[in-house]
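Asker: Residue numbers (this note's numbering), protein chains in the order written: chain F, 182 to 591; chain G, 39 to 300; chain S, 27 to 276.
For the record, the hints were derived by calculation from the structure and aren't laboratory data.
Bear in mind the structure is a predicted one, so any value in this text is a computation, not a measurement.
There are no misleading hints in this set.
Simulated crosslink set (DSBU-like; lysine-lysine; CA at most 30 Å straight-line):
1. G:Lys104 - F:Lys264
2. F:Lys547 - S:Lys88
3. F:Lys356 - F:Lys264
4. S:Lys253 - S:Lys88
5. G:Lys104 - F:Lys429
6. F:Lys547 - S:Lys253
7. F:Lys547 - S:Lys241
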Amino acid sequence: MANNLIARGLKRCSTRRFLLWIAPWAALLAFGLYSAGLCLVEGLNQTNMDNRFAFGLWIFLDLTVIALGAGAFFTGFLLYILKVDELRAVINSAVVIGLVCYSGAVAVLMVDVGQPLRAWFTFWYPNVHSMLTEVTFCITCYLTVLFIEYLPIVLKNRKLREIPTFLVFEFELHKLIYVLAGVGTFLSFFHQGSLGGLYGVLRGRPFAFREGLAVWPSTFFLFIISAAAVGPSFVLLTTWLVEKISRKPLVRPAVLELLGRISGLLLAVYVLAKTVDTLVWINRTSPESGFPAAQYYSWRPFGTWILFAEIVLFGLVPALIMLTPRLRAHTGWLVSAAAMACCGVALNRFVQTIQTLALPTLSFDKFLSYYPSWQEVGTFLAVVAYGALVYSFSFRYFQLFPEERERYQI
Amino acid sequence: MTHYIFFGAFYTVIAVVAATLIAAVLRSRRALVSACQVDRIRWNSEFHDLPQRDRVCRHVLTGEFKSRECPHAFDCRECETHARLIEKHPLAPAGEPEEDLFGMQFPLDRFYHRGHTWAHLEPDGTMSVGLDDLGRRLLGVPDAVELPQPGTRVHANSPAFRVRKRDADVRVLSPVDGEVLETGGPGRPWYLRVRPESLDLTHLLRGSEIRPWLMREMERLQLALSLESAGATLADGGVPVADIAASYPDADWDAVCGEMFL
Amino acid sequence: MNAQKKYGMSIDVDRCTGCGSCMVACAVENNIPPAHAGANDRNGLTWIRVYKVDNGEDYPGKRSAFIPVLCQQCGEHTPCASVCPQQAVDVDPRTGIVGQMPERCLGCRYCMAACPYHARYFNWWDPRWPAGMEKTLNPDVAPRMRGVVEKCNFCHGRWHAAKQKAAAAGKSEIEPGDYVPACVEACPTGAIRFGDLNDPSNDLRHPDSFRLLKKLGTDPKIYYRSKRDWVRNVAQASRPVSSQKEASHG
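Just chain F, with the same shape it has in the complex (with noise of 0.2 Å):
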């Protein structure tokens, strides 16, 4: 019966081990809605948060989460807007990424905010000035796209297609998918902008503060590039990983090899572009409002040392070997610097949110620190449980990768 759930052509393993594969997420995922469930139904002094350190590990995990989801508006835009056919090997698969990552982070925020019921307020009475506005506006669009854009994964589902209606919805919705991965193009590059303008605009934290182009800072298009950067990384870092665990190829390694130069030239656009901005931050922005930017790296474990992990380890290394086609031909030395990109752009987001609230502003406060509680930490599990079980029911019975059913030319 469940076999017929499996599409024609593809071989998936027995109902039986999918289930003991399925037990241990389900049961970190319910572990995560109970810490989740904790923080809603007990208030957010379930945390470790507290009225100077008001961002925690929820925000800086969103914000990597959704660098690492860009992957599925930036595979989009390169397949269906500029028509980079090869990449339809893997664009279910990053719509699915896309989708967890995306959904996952609106879930968080809406525990981390201490009034989830009023999230309505800011469609009602928003500030169009605030870059959080910019971000809510565009995550819940966005959303709604992938949503639409997961649709015909779904529907084309070996059972589901049976249904008539279902079929032709997806086959006419198909036909129209550029128009959404526009879209989704449109509102990923604002989003992912304004989630770097969060910081960049904050006068009041001169460590985060960056000047910049008409009404945004600097930071706004660096994440974007980031991002776009690290999409394609985690897209390849996934692929390879569900091949691993599937133990079949599913996508021509040429393909990965692409999603790699593609992820190595935007990385090095990124390194370039962040190192700029970083010595006009250094030598510019921070003295000229009265903060010599020595004194940033001079509490304990923020040294400078973390300019270099972020900009020269994990940016222009993974960026190099990326572009090297020798190398990037060697899936051990694409896979290590797909990952250390993801590192890369988890440690700027870290930096961001992070290091920017632990470092004092008035001059005679304190550094300040904080460890996340475990129900900060099982709400993220939460996410990711989630992820690894929408992940694994669609890869199990809708088609993420088109090309498996050419294994036999591999």
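Please build the complex by placing chains G and S on the supplied structure of chain F, with the hints as guidance.
Answerer: Just chains G and S, lined up with the frame of chain F:
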């Protein structure tokens, strides 16, 4: 000012997304009215899910092209390239009355569909439709057969009937458009008798095309079998037995049939 | 129309003894639930945080001072107002006071991340008063619920009362003595003074005074003053003092 830009952009986005959805709904409602359209869409969508090597043009089978993907989802009736090529090199007429290919019977008076069915023009102007010899051997003695009611209309490249064998639930594609007059079954020489809508059968394989096509099909079967049941392959040059399924008890027959019946 | 006011404060650091009367008066006036002993930034709530600073020397040269930090009522590029996604923060053009609307607040805390003074507070807990103590609640001020942000608003309830009193007397202007925030009233040493910065008759903006993080360009309306050089240096240093210490030690 900022307000106008901000809301302008977002209402535009919402309008575009909504318009896309509405357009898709309206277009699918229009398509849903005709069963023919639904069948066409189903085949189109299934055709594009086939692996690339299974979507090749029939003129690749005969060696006229090195590689070419069929742009018409196996409906050569609308294909200009096919018309041109046929005009240039008319297909060799049938040689012997009955050809024996790899030990299987592929009578040359029939027209073959790539989903392993044939169509045969009867003297009374009707058409009989049946499984070809390879298809028959793949399904052996079926566990169950689901035939359409007389009076139903079938469409070329759309499901004509369903056959269940072991874990495989196979929908068999119709080679022609027409109205079902009478149904047969595994025990009879044909599965359906159809009053054809037109006698244009240019989309079906015939004559000298059959041998190269079947050679390729045997290769596909071999690959499918080797992948679906650990290590088993057809004996080299061997003749498929009457009930192939019985010879490969471990094979995932759903996958093998899914592969072979397109 | 009334003349525009620009309410501000002057805090004499040299007079502050760190007694905490302002914090208590503020809590009572604004219906802030009483803090238990040892309350910290996670489980307690106050609209004024009194920092203890010292000159960095060891005994006997060691000198200490207290700097009360409340909302600085930034007048320009108000960091918290521009970031709020749903306009729950506004700067009242009539008074220059930065207002917070807890009824509209989503609790996203972006304003708290934006405030360089850490002068905004989140209701991590449900507000609770010990049995009987709810009778002391101020009827002019609405208590806030869990999950929203609040902060000093120069005792908005008192401003309303003064407005009403003036209106009843047929006057359009508040008498300066009618509107005084609770902390100003409660300070036993008179370190805190309050008034209209646009009014030249008061010397709130004494030439000797300084403002915290004035260099950010947000035009804060709390003026501090001290005759001691080291206090002025500590309060206005270009880099946090403890980082200097750490750097010199390390």
